[in-house]
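Protein chains in written order, with our numbering: chain A, 1 to 288; chain B, 1 to 315.
These are computed hints drawn from the structure, not numbers from a lab.
Note that the structure is a prediction, hence the values are computed from the model and not measured.
Worth double-checking, as some hints may not be accurate.
Claimed, not checked - Derived contacts from chain B toward chain A, CB cut-off under 10 Å, selection only:
1. 161
2. 224
3. 306
Don't be surprised by glycine CBs; every beta carbon is placed ideally from N, CA and C.
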Amino acid sequence: MSFTTPYFTLPKFTYLKPKKLEDALSLLRQYRGKAKIMAGGIMLINLMKERKISPEYVIDIKGIEELKKISKTENGIKIGSAVTAIELQSYQIIRDNLPALAKAASYMGDRTLQHTVTIGGNISVGMPSTDGLPALMSMDSLLTIKSLDGERTIPASELVIGFGRTSLKDDEMITEIVVPYSRGFKGTYLKLINASEVAIATVAVSVLLKEKKLTVVIGAIAPRPYYFDHKSLQWNWEASLSENIKNASEIIGSSVKPMSDAVAGSEYRKEVSKVLAARALKEVFGGA
Amino acid sequence: MGQGTPTSLAIIVAEEFGIPLEKVKINQLEMVSTDTNPYTWQTVGSRGLFSDGIALLRAIEDAKDQIKDTASRVFKVPIDDVEVSGGYVFSKSHPWIRKEIKEFAMGYTYPDGTTVGSPVIGRGSYAPVLNTFLDASGHGSNTVFHTYGGTGVELEIDLLTGKVKVLRAIQVYDVGKAIDPLLVKGQMDGGFIMGLGSALYEELKFDEDGRVINPNLINYYVPHFEDMTASIESYIIETPQKDGPLGARGVGEHVMIGVAPAIANAILRATGVKINQLPITAEKLWKAIKEQKPELIEKAQKLFFEEGIKEVQQV
Ligand SMILES: Cc1cc2nc3c(=O)[nH]c(=O)nc-3n(C[C@H](O)[C@H](O)[C@H](O)COP(=O)(O)OP(=O)(O)OC[C@H]3O[C@@H](n4cnc5c(N)ncnc54)[C@H](O)[C@@H]3O)c2cc1C
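Only chain B is shown next, with the shape it has when bound in the complex (with noise of 0.2 Å):
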């Protein structure tokens, strides 16, 4: 939801059939409609596309073939013969001997109105199997595919304050195949963005008595238009991933994590001071500056009064 698998999942569609993208429809609303709907999991551990995707590809395999075994008939010509793409149903031997996709959809009809076959509905379903819980001691295999990448940032930092500000922002990781590379670069930059919030903002606190002391997002500050880093560039490497859809892994989550590590490591490398809390707010990193690189807070300070300040008339 939100996130555009549904668009991903039509162009997996539009591309194992041949047919046009306008020619798929996938109804948002009545996908995650478990009235009508097989059920699919939550969109969570950036599995979406993953595993629906999967799931699809299966469903497009068992409706191809039904088609196959129409057109078998039809084409007088053995099953394994039969071949469906490029929005054609055809044989591969005798590729000439071919009808549109679209004939066979509601079983084939001949001219003079008998019909052969029956209304082709594909089914699919997916469900990773060599996955285990977690040991006592933290081992096993909870998660089908990881996808790897790195983030950089280029930031500055108000000494005197502690506040920081980022202003470039770079993040390649290897979604081994992208379906939509514009829906990957947007869950990149929101990934970033959302990882920006953990890293410089979000921090839930509390009283004594452990109440909520901020329960609005007046004070529990989430990033908004102004916090956008100004420039963020996302690329893209496409290393299969040999068990997923056309090659895809997940893509979303993953962006978050590296935004914190850049962040404090860029601080790290411009002032020598160390942060291993999030989130790193003006006042936290004022603070780490003061305990461990006091003389950077004074040489700020000698820059402003000593440098910065021209003389004027002052009346």
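Next up, chain A with everything else stripped away, as it sits in the complex (with noise of 0.2 Å):
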């Protein structure tokens, strides 16, 4: 028996696994346009399967030690992009510091694929339910781009520019992902799927709280997260905890345009954003 359906076969392509991260940054430049990276390949691997892709070389940076290091410095938390989803979960530091990164990455596809899933091609595949980047903006994190001609830093909301797309050039790469926060803030993550914990989202939220400073991140709803905090969420440390979540939610409620798709429609969509997000702040600020 012969498959022949794009759903079973990869196009033919050269595989390279250079070891520093200055040879990937050259092979990346020689064959501008023409290579893929590849880090867990969950993603890259069904694209090519489906010819939604097809790269004549494909250029593994799993070699590459600086890529997998977790840090903590005096500016937070830096995280190398090929840190697979099973690591965030499991290293003290994050668990610690990052719990809402640590509860995102245990939602990335089942146990098995978190082994595989990085947490730079989590958020590089720019689709709007991968769980890495509405965790990541909530805590305001910045990433390390890098390319032959040197090195870059964009806020992670910049990141994602439209379903699928990011503002990457095509030969350059995220390093790292700094997180400026490291102690003293807490945080959440919560998601709604239809069924267990591995499926596409619904709705997935990400709250961070700091001081006076809060943020809330709405993500699977739209091509873009949903970016809000104290201010436009009009925050009133004075009033009461339940007026405060009643009116944000409210206001979350009346500012996303969630879109319809196979996961979910718009208005069910707008609705969970209300509802996670109140759960969410709750939690966040210990009103349970």
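Need the complex rebuilt from these two chains, each delivered in its own frame; the hints are there to steer you.
Written out as structure tokens, the structure is:
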């Protein structure tokens, strides 16, 4: 039996696995436009099977040690782009300091996939349903992007520019994610899906609270996540918590314009955004 | 294939001859190869053990007849007086005249090397005889047996999102005779999970041109381990099926059928909301609650905001 449908075969490509970051960047430049980075490969391989992309060269970055490191510095926590979803959940420094990210990582596919899925790949997919971006955005994370020409830094909120599209140039790579907080903040990540925890989200909500700073990011409902903070939510630190949460939930409901797709309809997503945001806010303020 | 039918068939052979189960070999790969084996139809209609079991019992009968024929000559007793059971071939009237079954397998060999009889190969087949096609109005008899049973569930509904979680399930089925009770329970647990998939998750979706928009297992969701209902209790009733193998009737698909109605009825009892379309996704249930019982959503919101939030120092 031979399978000819695109779902079962991969197009021909040359597989490259550099050990050094500089080598990866030169290969990206050399084969500019014809090459794709492979991190976990979970999304890339599927896109290739479906012939949505057919790169001539696949550059595997999992052999580059410096992309797999996690460290704590004065500026916050630095996470290499090839750190896996399982690692995000098991490293103490992530669990203790960035609980929302650890929780988001626990939703990135099932347990088996999570050994392979990387944080860099997860956000570079640019799909609404990936869990890394809302979590990173709520923590005002920065992305370090490198090419042969040098390095630039962008806020995580500027990565995705449309459905499946990012602001990365085709010879650029995300090397590191910097989460500027490392202590003293509370966060949570809630997600509604129709089944258990391994399915495309209807709505995902990431909330961060640090002193008088509050952010709420709503993901999975539009090509780009929605970002709110205490100002746009008109949070009144003097008012009662239930009044604040009710008001914030209404503001979120009237600001988002969710899409309708195979997962859920727009009206439902709007309602669930309000409900999950209210529950997440209650959780971070300890109002349970 | 996969349901454990060969194990149940082996149990039947062991019981009928009275030999240890480990002496019975059923080669599952050979069993499904029509190059080397007789044809059996698909494993559909939960008919596997029922049909193959009856054919097997007939083959066992045929094999026993051959053994009895040889034994009656060896024992020098009439053929009606020979019985094969408990691992032995013996004379009913003179039970001390007996030999182990294996001595007859290739025909019987006397101590001096002379032989009587021939190798034993039993044959049996089965096809339902009283079945008819259905007529234009849907009447007729297109099934050999009916398996009855029932399912009950206990579930939790998130009124604000419509998400259902089944906490507990009980199912009782009359399988006639559980040849291997553990396999029957496996079929019942598995049937429940498949039923859960069609009740809550599985739905093919199409675009305006009729193209499937969820042609993969990411968007066409089937239950995962995480979706397993924490407590599934499966009970077996045994009212023998007179024409079934050792009284057994089929079980497998039947179990699926009760799941969705049980879930829909539990939702109706809990909320008064009627849903007559599967799957009952969170979105569908939320819409139905909003249309049929909006006061429930209001009540849940009130509970959340007015009683559910403890006032705390915000900074
Ligand atoms: C059944 C299933 C369910 C899933 N459910 C979820 C879910 O609910 N939530 C969720 O978040 N994820 C989920 N995932 C995983 C997710 O959708 C992506 O497949 C995964 O996160 C991609 O990570 P990766 O490391 O495998 O990336 P890859 O597939 O290797 O890469 C993805 C894309 O990013 C590019 N890329 C990779 N690394 C970099 C980099 N460092 N810099 C620039 N570009 C880069 C690649 O060239 C490619 O275009 C699911 C996957 C499957 C198969």
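Legend entry - Unmet hints by their number, sorted upward, for this structure: none
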